[in-house]
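**Q** Sequence:
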Amino acid sequence: MNPALKWLIPLIFALALFAALAGVWPATGTPYPLTTFRGEEVTINARGLYYWDTVSMAAQMQANDLVTLILGLPLLAISFWLALRGSLRGRLLLAGTLGFILYTYITMMVGAHYNALFLVYIALFSLSLFAYVLVLMSFDLATLPVRFSDKLPRGWVAGLLFFAAAFLSFAWLGRILPSIAGLPLSNWENGSITGVPVLENTTSLFIQAMDLGLIVPVCILSGILLLRRHAWGYLLASVGLTKFLTLGIAVSLMGLNMARVGVPISPFELGPFLGMAFSGVVMTVILLKNIVETPKLSEQPR
20 MNPALKWLIP LIFALALFAA LAGVWPATGT PYPLTTFRGE EVTINARGLY
70 YWDTVSMAAQ MQANDLVTLI LGLPLLAISF WLALRGSLRG RLLLAGTLGF
120 ILYTYITMMV GAHYNALFLV YIALFSLSLF AYVLVLMSFD LATLPVRFSD
170 KLPRGWVAGL LFFAAAFLSF AWLGRILPSI AGLPLSNWEN GSITGVPVLE
220 NTTSLFIQAM DLGLIVPVCI LSGILLLRRH AWGYLLASVG LTKFLTLGIA
270 VSLMGLNMAR VGVPISPFEL GPFLGMAFSG VVMTVILLKN IVETPKLSEQ
320 PR
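Going by this note's numbering, the residue at position 217 of the sequence shown is 236; the numbering climbs one at a time, nothing skipped.
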């Protein structure tokens, strides 16, 4: 494993711990209503780190902070320890966990309203990006396929990846296309823009942009390559399963936290995320059980 990871991972752990604790730290304040420049009625959180975010966005970010604390950081520590001991399972989990942290702090960097941790978000984005690339470069792609048992249910794993890609595509395009189809470039009515999806006090659908532009293509590609027994298929599928394990749990907690603060949630979106979380846990366990840490001599390339 690249020596740079020995200082990158502890630094990522420390910064993510600090950022997540700051996000969930109790604070007092009185939320207040606001009309955005688009004419949308929102409620500003007005407390804690996410002071300028809406109540809905703050609830989502705090749920993600909680997932980082109770799942992301323990996974990072355990997988790093296993990777240092030469475990393939550890390196695969480490790559997936770094993918979760990278995704999280890209969204925080561009999605959270400017706050005192802006430079921390940039640092976490940069550090986790380089660490993620270094971990991916550590795999011997020539030997990776033989490190997985023939009993691995590749079809089920690929099916979960295809389902995730399809669900994200339908869910997010279902929000985007109705607001675009047949609308002029500028459509104002009674001082507000009509036909625009709920943006709260953000300027665009940044989560949907990342999912449609990055997550969906990677899911489709990794599923296809896995079915073809390609080395990149095994690697990307392993990373993808860890991602959906954390994503499903994070979105599920976001929904529960939003409901707790009185924000309406859609069961048609929350339900599949709960399913993805459960399926991600099951498939990740199955995948890890089907890894051969020490391949037979006859299976090693000559």
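It should be emphasised that the hints constitute simulated quantities derived from the structure, not laboratory data.
Any given hint could be a false lead.
To be verified - Computed spacing ranges between beta-carbons, pair by pair:
#1 F32 x Y70: 23 to 29 Å
#2 F297 x T55: 32 to 38 Å
#3 S198 x D169: 30 to 36 Å
#4 W26 x F225: 44 to 50 Å
#5 A135 x T313: 31 to 37 Å
#6 V152 x G290: 17 to 23 Å
#7 S223 x I243: 28 to 34 Å
#8 R247 x Y70: 28 to 34 Å
#9 L192 x L40: 34 to 40 Å
#10 K308 x A185: 53 to 59 Å
#11 F32 x R248: 46 to 52 Å
#12 W71 x T162: 48 to 54 Å
#13 P45 x S198: 33 to 39 Å
#14 K308 x T55: 47 to 53 Å
All C-beta atoms in this analysis are idealised placements derived from N, C-alpha and C, irrespective of residue type, glycine included.
**Q** Run every hint past the structure and note whether it holds.
**A** We went through each hint and held it up to the structure:
no., hint, result
1, F32 x Y70: 23 to 29 Å, "holds (26 Å)"
2, F297 x T55: 32 to 38 Å, "holds (36 Å)"
3, S198 x D169: 30 to 36 Å, "violated (48 Å)"
4, W26 x F225: 44 to 50 Å, "violated (30 Å)"
5, A135 x T313: 31 to 37 Å, "violated (48 Å)"
6, V152 x G290: 17 to 23 Å, "violated (35 Å)"
7, S223 x I243: 28 to 34 Å, "holds (30 Å)"
8, R247 x Y70: 28 to 34 Å, "violated (50 Å)"
9, L192 x L40: 34 to 40 Å, "holds (36 Å)"
10, K308 x A185: 53 to 59 Å, "violated (27 Å)"
11, F32 x R248: 46 to 52 Å, "violated (35 Å)"
12, W71 x T162: 48 to 54 Å, "holds (50 Å)"
13, P45 x S198: 33 to 39 Å, "holds (37 Å)"
14, K308 x T55: 47 to 53 Å, "holds (49 Å)"
Of the numbered hints stated above, those contradicted by the structure are hints 3, 4, 5, 6, 8, 10, 11, listed in ascending order.
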